[in-house]
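Chemist: Residue strings, one per chain:
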Amino acid sequence: MPKWITQVGCPYCGSSCDDLEVLVSDDGKKVLETRNACVIGNEIFHHASNPNRPTRPRMRQEDGTVKEITYDEAIDYTAKALLKAKKPLIYGFGSTNCEGMSAVGRVAEKAGAVLDNCASICHGPSFLAIFDNGYPSCTLGEVKNRADVVLFWGCNPMHAHPRHTSRYSIFPRGFFTTKGNMQRTIICVDPRETDTAKLADIHLMIDQGHDYELFDAFRTVLRGHDIPDVVAGIKKEQILEAAGKMKNGRFVMIFYGMGCCHTDGRNHNVDIAISTTRDLNSHTKASIMAMRGHYNIAGPGQVWSWQFGFPYCVDLSRGTHAHMNPGETSSIDLAMRDEVDCFVNVGTDAGAHFPIEAVRHLKKHPFITVDPNICMASEISDLHIPVRIVGVEEPGVVYRMDNVPIQFKKVVDGPDGVLSDEELFDRVYERMCELTETEPIWILNRGHAHGSSTAEQ
Amino acid sequence: MAEIIIKNGFVVDPARKINGDVMDIAIKDDKIVEKVGSGAKEIDARGKVVMTGGVDIHAHVAGPKVNVGRLMRPEDKLFKSPNAQAPYRIESGFSIPSTFKTGYDYARMGYAFVMEAAMPPLHSPHVHEEIHDTPIIDQGALPVFANNWFVLEYLKNREIENSAAYTAWLLAATKGYGVKLVNPGGTAAWAWGLNCLTLNDPVPFFDITPAEIISGLMQTNEYLGLPHSIHIHQNSLGTPGNYEITLDSFRLAEGVKANNKFSRDSVMHSTHVQFHSYGGDSWRNFESKAKEVMDYINGQKNITVDLGCVTLDETTTMTADGPFEHHLNQLNHLKWANTDVELETAAGVVPYVYDKDIKVCGIQWAIGLELGLYAKDPMRTFITTDHPNAGPFIRYPRIIKWLMSKKAREETLESMKYTDKVIDATNIHSLDTERTLYEIAQMTRAGPAKALGLSHIFGSLAPGMEANVVVYDLNFNDMPDDPEQIERAFLRSSNFIKSGDIVVKDGDIVSHGNKRTFWVNARVKENPQVIRDIHEKFLKEYTVGLGNYSVWDCLAPNPYVIDIDVEA
Amino acid sequence: MKEKIVLNMITQRAIEEGQAMEKGKTTPEYFKACSIVEMNPEDMKKLGIWRNTNVRVTSEAGSVIVKAIEPTQYVPPGLAHIRQGVWANQVVPPRTQSTGTPQYSGFPVTIEPAIDERIKTALELVQGAVGLWKEGGN
Amino acid sequence: MALVTLKPYKEPELYLECNNISPDAFAGKTAAEISELEVREGKTRVRLGDYFEVSGKPGDTAEQTEIHIAGDCSRIKYLGTKMTAGSIKVDGNADMYVGGWMKGGKIHVTGNVHSFCGIAMEGGEITVDGNAENYVGSAYRGDWRGMRGGTIRIRGNAGNDIGTFMLGGTIIIEKNAFIHVSTHAEGGCVVIKGDVEGRVGGQMVKGDIYVLGKIQYMLPGFKKIATVEKEIDGVSARFNHYIGDLGERHPRSKGKEIYANLFVMAS
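Protein chains in written order, with our numbering: chain A, 1 to 457; chain B, 1 to 568; chain C, 1 to 138; chain D, 1 to 267.
These are calculated hints, taken from the structure and not from any lab test.
The beta-carbon is built from N, C-alpha and C at its ideal position, and this holds for glycine as well.
There may be inaccurate statements among the hints.
[Stated by the list, open to error] Per the computed footprint, the stretches of chain D lying under chain A, defined by three or more beta-carbons under 8 Å from a beta-carbon of chain A, are:
1. 7-19
2. 42-51
3. 79-92
4. 220-233
5. 244-252
6. 255-266
[Unchecked claim] Cut-off 20 Å, straight-line C-alpha distance, at most; resulting in silico cross-link-like pairs (DMTMM-like, lysine to aspartate or glutamate):
7. A/Lys86 - D/Asp143
8. B/Lys505 - A/Glu434
9. B/Lys540 - A/Asp19
10. B/Lys80 - D/Glu11
11. D/Lys224 - A/Glu62
12. C/Lys120 - A/Glu357
13. B/Lys540 - A/Asp279
14. C/Lys134 - A/Asp341
15. A/Lys179 - B/Asp553
16. B/Lys540 - A/Glu21
17. A/Lys409 - B/Asp553
18. C/Lys32 - A/Asp279
19. D/Lys206 - A/Asp279
20. A/Lys80 - D/Glu41
21. D/Lys10 - A/Asp341
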């Protein structure tokens with residue numbers, strides 16, 4: 001009998017919905033049907049059963065074709081490439097569990113690598129802003145239960161986070177928001193009339209790239225000062241109206257996205273958004289949240305912060321201490337400046353999502369992709385190592401966009417013999433230790449478990 | 001692991017009333033034993049002090065707000081991270097060290113157990129992930145309860161049995177150790193931008209007061225017979241004049257009896273009392289009320305405290321007291337992080353510079369030490385810095401130095417810009433007390449182990465105890481004139497054996513040892529109402545499924561579970 | 001009517017792009033979802049093209065052929081949008097303002113009709129950029 | 001002054017991290033000892049002498065030591081970081097962190113510098129004859145204590161984030177700047193002799209900015225209060241005096257709020 005598995009986590013966007021139901025075939029190997037998933041999430045679960053998926057590492061040959069090799073050979077190649085490089089870059093982790101991110105920390109330390117994640121090309125500027133200004137935020141349940149004024153600034157959840165508005169931000173009925181969307185004022189700031197903007201009570205169609213000025217106008221107004229008649233293409237009256245709604249809200253929530261992080265000023269657009277949130281707390285309760293893109297892209301930020309003190313762009317090449325300075329230790333800058341000489345792309349597709357010039361620079365050196373699927377990066381790599389799909393074939397802890405950890409289960413068995421990210425990196429680490437004739441360092445003394453114990457009184 | 005013998009040290013073991021006797025300590029596997037065979041590995045401790053491993057009852061070392069502190073403070077790492085000790089992991093940060101550095105530094109100081117002082121239940125998988133990435137030390141974590149919607153509802157209706165059933169469920173779900181209260185009611189109010197500054201301020205919407213929450217959770221705790229008492233961070237932290245609220249909170253414990261099988265006598269552990277012993281009514285006339293607070297504690301038997309000493313460093317404040325951090329941010333204008341956690345709690349993080357040349361900081365420094373000096377029962381008064389709030393834990397040796405040496409205190413006092421003003425507002429200058437090694441061992445080992453209900457494994461070198469043995473390079477009979485030597489000796493132990501593994505030698509890490517996670521599994525009789533309430537709240541108000549909420553066993557891979565069967 | 005027009009380019013997500021990406025970047029769905037530029041009809045008029053005309057988009061970083069379509073979500077005159085992905089990244093400037101994050105949005109592009117030019121596939125673009133593309137695929 | 005000359009003779013494959021090219025590190029050493037100083041190329045440890053021919057002899061102290069790099073340093077990071085005295089001259093370009101955390105002495109780069117020039121500087125002088133990239137005289141990530149003293153002069157253009165979190169000292173950009181000048185500053189003075197696109201003085205608490213060219217987009221949080229005669233870096237002119245950022249908090253002194261000042265040359 002096929003079996004329905006409930007409360008399944010969805011390994012797509014930063015909403016990290018954990019209420020999916022998945023129908024699994026008798027043999028536990030195939031996903032037959034999903035419930036509650038958005039169209040994209042649905043695609044992921046079905047894609048796992050794609051018969052064309054690679055199940056063995058593939059090494060590029062001199063003639064450009066690829067040849068299947070064993071995991072042992074792939075691990076050996078990776079370990080050697082990392083040891084040989086003067087400064088390897090290990091990047092990605094858009095679709096990896098925290099166990100894998102933790103395991104790669106050990107590898108990167110051993111390799112003297114730079115460890116970076118997709119935030120580098122996405123919400124990295126949010127980190128820069130948090131460094132400078134903090135982060136007054138909350139969990140998504142607070143938004144559902146309390147928020148009566150919700151701003152979407154430079155983000156478009158109707159497309160990028162399909163169930164966000166129904167689960168958390170616009171439509172759900174919560175404890176103090178029993179009337180759902182009827183009780184919420186929605187404000188959208190976007191240069192386009194997006195599908196999210198269409199849901200808004202107020203849409204401020206801002207001149208693209210002038211977010212900083214508009215935030216400054218809100219702050220100036222909130223402190224009781226006058227502003228020019230038009231700021232960033234928005235009329236003063238509209239700014240005053242929106243500012244009034246925020247000031248009079250009981251719980252104001254600001255969600256922002258790439259409209260802030262991908263344009264001029266980057267981090268400072270977020271920085272001033274945080275200042276605005278702080279100002280609003282003198283009038284009412286206000287919170288801000290980055291619309292993180294992937295279901296666990298908050299994960300590396302957490303794992304590497306507790307391991308190295310930095311959420312991304314962690315340069316471990318000194319061996320003695322970690323160094324971080326985006327602009328220098330960030331993947332795109334490292335690539336464009338030819339500052340790294342080996343590239344490992346993990347659980348993401350740098351081939352498709354980096355500006356093509358950066359890909360060209362990275363391709364001058366060994367280029368390895370670790371990812372369940374065929375992607376642009378895998379198709380230009382010297383070596384592609386397939387791994388199990390987290391959230392489908394591999395369980396693990398993931399961090400939702402609000403940094404809430406959620407334990408994602410697996411729903412089907414992975415293809416025979418395919419490793420998880422964690423297993424792969426642990427084996428790469430062990431191989432590096434063998435090659436350098438050093439002892440592996442594990443935190444927990446493996447094979448020496450005390451087991452559960454009951455206090456005797 | 002095998003047999004080890006630590007020979008000829010000056011043993012200081014207050015739990016057995018041993019004070020500097022020259023003795024051997026024998027270890028077999030992970031336990032202390034009467035004797036070992038001739039093949040045992042010998043460690044020469046001649047001329048050095050031998051104690052059991054330290055027990056830290058309150059530090060913020062793992063979990064979401066600690067990590068927010070790490071994440072938002074790259075400058076806490078810049079030029080402030082020591083060089084890694086090969087072949088061990090890279091160490092990062094000063095006031096909020098990485099998990100690796102946390103484990104290593106505690107081990108270097110000879111600490112065996114550290115309690116993470118505030119775990120937001122929704123974030124408990126995160127806390128456990130960090131714990132299992134923290135080498136060497138044993139750890140537990142205290143989930144926060146005092147602003148939790150379930151608790152507020154049950155206690156409002158005086159349903160102690162339901163409160164207990166929920167508490168037991170949450171401890172198991174989060175793999176938590178005990179009941180933590182942070183700003184009872186005040187943090188719940190903060191969800192609307194408000195606060196509860198006195199014990200009788202009503203909590204918005206919930207129709208309950210902080211006093212009722214404290215009393216209710218105290219009753220819940222004793223109903224369950226948990227190893228640790230309630231562990232409370234009182235209302236109105238860090239505010240001039242708050243000592244009266246502190247005393248009011250203490251009085252709620254009068255007449256309450258400890259009910260447990262763990263030889264714990266206290267029913268309330270009041271944490272970081274330094275932040276709660278403030279007089280005056282503004283920062284202008286701010287003064288110490290350490291004596292008033294400690295006089296009350298000295299007259300009681302069922303309250304324990306830890307100090308929360310200010311160490312005069314640049315550090316990072318972090319607490320589930322959300323409104324306090326917001327308030328602090330309005331004072332110092334540095335960066336501010338906050339997280340409100342649905343149905344449960346909140347937390348804030350703000351960097352803070354305790355500058356010895358600022359009068360208020362000098363007074364805060366004095367208050368923490370005064371509390372430690374006025375205490376008549378070192379078994380109920382524990383050394384902490386509320387790490388990292390009043391200073392990083394690597395300053396414990398410095399606090400020990402200040403408590404043991406009036407000379408050291410006077411030197412620090414003299415180096416301040418406003419020495420006279422600090423002297424006027426405190427009693428530190430007139431206190432001649434110097435704590436002994438025996439008392440220090442009580443305040444860092446025997447005492448906290450007993451308060452945590454762990455005196456059957458920690459806090460003593462008696463045979464049968466966990467084999468945690470530390471050797472400090474101090475001559476018991478000839479203590480150094482230079483107080484700096486005391487600090488140095490406690491910062492980097494000569495040897496530390498943790499659960500039978502030699503983990504530190506000459507101040508350096510030599511093994512990752514074998515760490516464990518402690519949690520409490522209290523079994524109560526099935527309570528259908530509470531189970532129904534839990535299901536309903538998860539369906540309607542939480543944004544995480546109930547089925548994904550309880551911490552997986554594999555996240556605490558080396559558990560030490562304390563099972564309790566609660567008789568109805 | 002002009003031969004070329006300068007617009008301000010942004011590259012953002014779209015649900016069609018997300019769904020197609022999960023299906024696979026070599027699928028026809030991904031090609032259809034991402035090898036397009038959305039621009040205001042007024043700007044198309046200025047350029048003298050009809051919707052569904054192939055155009056060449058050129059930035060400081062490079063050039064790509066995509067199909068000009070009428071916006072699925074309203075784009076004001078002066079602004080253009082290519083959904084994030086392989087085609088967009090042929091023209092996204094890699095400059096980061098020393099923040100680490102490239103200029104994915106808010107960069108000037110020149111758009112000109114390219115009726116007779118073929119839109120390359122994702123694989124052809126990426127493999128072509130690093131010298132691995134072989135006619136007929138591999 | 002005693003002169004040490006470094007002549008680059010080999011280009012590194014990646015970049016060299018040369019924290020110890022400074023008068024402080026060189027003082028009292030022989031040329032041979034200087035050649036032996038360790039620098040890093042990625043995870044590999046190399047010697048300064050592997051890339052530079054070292055000649056001359058430094059003084060006994062940093063103050064008496066003059067370093068001349070006779071060649072291009074486009075792939076050399078951290079020149080003169082943390083230096084306290086003496087001087088460094090580079091014939092050509094230099095990479096990131098020129099004069100970072102510098103406390104005293106002089107640095108002169110005849111070409112361009114990359115980003116983070118003079119980051120968290122406390123004293124001394126940096127002169128760059130060419131252009132600078134971003135984050136001139138800014139704070140390190142997360143630190144609220146940016147540039148505290150000294151002077152940075154860029155004779156060409158500069159990018160974004162000039163003087164972020166600045167507390168003191170002077171930055172002069174002789175040509176144009178892009179965006180974000182004195183963001184979050186609480187002191188110090190920035191002079192832009194050319195044009196700026198915008199975001200001048202955002203979130204600024206205290207301090208001064210002079211713009212001798214045009215600001216394309218003024219921030220709404222700046223308000224014009226007067227027109228004044230001013231002399232700045234050898235230029236006397238009439239300036240429109242703005243105060244701001246009115247959206248930001250400001251300290252009070254004697255019952256009045258203290259604002260940051262922005263002077264824009266009157267046309």
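Chemist: Could you grab the alpha-carbon distance between D/Lys206 and A/Asp279 and see if it respects the 20 Å cut-off?
Modeler: The hint holds at about 18 Å.
Chemist: With a cut-off of 20 Å on the C-alpha distance, tell me whether A/Lys86 and D/Asp143 pass.
Modeler: Given pair A/Lys86, D/Asp143 is violated - Cα atoms ~30 Å apart, limit 20 Å.
Chemist: Holds or violated: C/Lys120 with A/Glu357, Cα cutoff 20 Å?
Modeler: OK: C/Lys120 and A/Glu357 at ~17 Å, within 20 Å.
Chemist: Between A/Lys179 and B/Asp553, is the straight-line Cα distance small enough, at 20 Å or below?
Modeler: violated (39 Å)
Chemist: Verify this for me: three or more residues of the region 42-51 of chain D with a beta carbon less than 8 Å from a beta carbon of chain A.
Modeler: Our answer is that it holds, as 3 residues pass the Cβ test (under 8 Å) against chain A, meeting three.
Chemist: Just to be careful, I want the Cα atoms of B/Lys80 and D/Glu11 compared with a cutoff of 20 Å; is the pair within it?
Modeler: Violated, at roughly 32 Å.
Chemist: How does the coverage statement for the region 79-92 of chain D fare against chain A, requiring three or more residues with Cβ below 8 Å from a Cβ of that chain?
Modeler: Coverage by chain A is violated here, the residue count being 0 at a Cβ distance below 8 Å.
Chemist: Straight-line Cα separation of C/Lys32 and A/Asp279 no greater than 20 Å?
Modeler: Not OK: C/Lys32 and A/Asp279 at ~45 Å, beyond 20 Å, violated.
Chemist: Take the C-alpha atoms of B/Lys505 and A/Glu434, compute the straight-line distance between them, and say whether it is at most 20 Å.
Modeler: With Cα atoms ~26 Å apart, B/Lys505 and A/Glu434 exceed 20 Å; violated.
Chemist: Going straight from one Cα to the other, do D/Lys10 and A/Asp341 come out at no more than 20 Å?
Modeler: holds (18 Å)
Chemist: Can you confirm whether the C-alpha distance between D/Lys224 and A/Glu62 stays at or below 20 Å?
Modeler: violated (67 Å)
Chemist: Taking only the CA atoms, is the gap from C/Lys134 to A/Asp341 under or equal to 20 Å?
Modeler: Status violated; Cα separation ~26 Å.
Violated hints for the displayed structure, listed by number in ascending order: 3, 6, 7, 8, 10, 11, 13, 14, 15 and 18.
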